[in-house]
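Based on the hints, put chain B in the right spot on chain A.
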Amino acid sequence: MSTSAAVKRALKDRVTLGILASLAAAFCYGLSQFLGRKMVTEFAPPLVVATFAPLFGTAVLALVSTRAMVRDRKAPMRAYLIMAVAGLAASSGVAFSYIALSKAPLVVVAPITAVSPLVSLALAQVFLHQLERITWRIWLGAVLVVGGVILVTMGSLRG
Amino acid sequence: MALAIALALLAAASWGASAIFVRLGLQHMSSKTGTVVSLASGTLFIGAIALAVYGRDLFAFSAIALLWFTVLGVINFPLGRLLNFSGVQLAGVSRSAPILASATLFSVGLGVLVGGEELSLLIALGTLAIVGGVVLIVTQRS
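From first to last, the protein sequence lines are chains A and B.
So that you can map any letter, position 144 of the first sequence is 130 in my numbering, and since no number is skipped, the others follow by simple counting.
For my numbering, count along the second sequence from 1 and bump the result up by 19.
The following block holds chain A by itself, in its conformation from the complex (with noise of 0.2 Å):
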């Protein structure tokens, strides 16, 4: 098979594209908090910039989904809620983490919270057995990516 085909083949398959979509939001992820390091020692404290720049992302991104509201809105009423209490359940973990931060340094902060892709796991092995079959590979794929965040977290704040 030519190369251009396998691209082509890969491109059609759901887990390869929600693959190269982690992959690019981590990347998305990673530039904010490269900015948003500077943002929060020169322009504002973090809570102000954790209100206001989820409300610019919000206006925009609402202004280009217009379409997609439209054919989701016989979606039902759980699923909304679901989703509201995705929102508020990230958003908690922010609020959490600055008060723990403001408690103690990030070098004890940062390591703790640095474990939820495993909470994500575990939670999925629980309540989505059906949806999900979570195999040793990504476990260990899973510890291997936390123990490396953890590292990386620590040599940057020592640098």
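Keep in mind that the hints were calculated from the coordinates and are not lab data.
A portion of the hints provided could be inaccurate.
Unchecked claim - Quick look at which bits of chain B chain A covers, simulated, 3 or more residues with Cβ under 8 Å:
{"hint": "1", "stretch": "53 to 66"}
{"hint": "2", "stretch": "83 to 97"}
{"hint": "3", "stretch": "100 to 108"}
{"hint": "4", "stretch": "115 to 129"}
{"hint": "5", "stretch": "145 to 154"}
Glycine included, every Cβ here is placed at the ideal spot set by N, Cα and C.
Just chain B, lined up with the frame of chain A:
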């Protein structure tokens, strides 16, 4: 210190649980709509806390800060979170959550490449571990 550790654990639990809710909610709607709904509820929540902490001072920022808010908001949310939710919807939580954690690698990599920060042994070891972990996850085909 114990309170800080408990709060950090709560933060990890909240982020971990959020991914599960996303996986469940996106079974019935597009990732675009789901992202808007989650962003709206989260922004209202964190905005209420910020308003309680800072009062009117919340709005006392410069025009250049406003520009930065917009740039950061666009990179992190319409791009980052939408791609994140699309990743969860297409590849599942078990693959996307650990891959997303590699964001730290990109952040520190930019610090080294653009910000002139030093590449230490710990960062090099951590990078190897993250890349190894991501390779294990993306090569899982079932």
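Test coverage of the stretch 115 to 129 of chain B by chain A using CB-CB distances below 8 Å; three residues minimum. holds (count 15)
Count the residues of the stretch 53 to 66 of chain B whose CB lies closer than 8 Å to any CB of chain A, then report whether that count reaches three. Held - the stretch 53 to 66 of chain B has 13 residues with a Cβ nearer than 8 Å to chain A, which meets the minimum of three.
Given coverage of the stretch 83 to 97 of chain B by chain A, tested with a Cβ cutoff of 8 Å and a minimum of 3 residues: holds (count 14)
Per the coverage rule (Cβ-Cβ under 8 Å, at least three residues), is the stretch 145 to 154 of chain B covered by chain A? Holds, because 10 residues of the stretch 145 to 154 of chain B bring their Cβ atoms closer than 8 Å to Cβ atoms of chain A.
Three residues minimum, CB to CB under 8 Å: does the stretch 100 to 108 of chain B make the cut for coverage by chain A? Let me know. That given contact holds, which follows from 8 residues of the stretch 100 to 108 of chain B lying within Cβ reach (below 8 Å) of chain A.
Comparing the model with each earlier hint shows no violations; every hint is respected.
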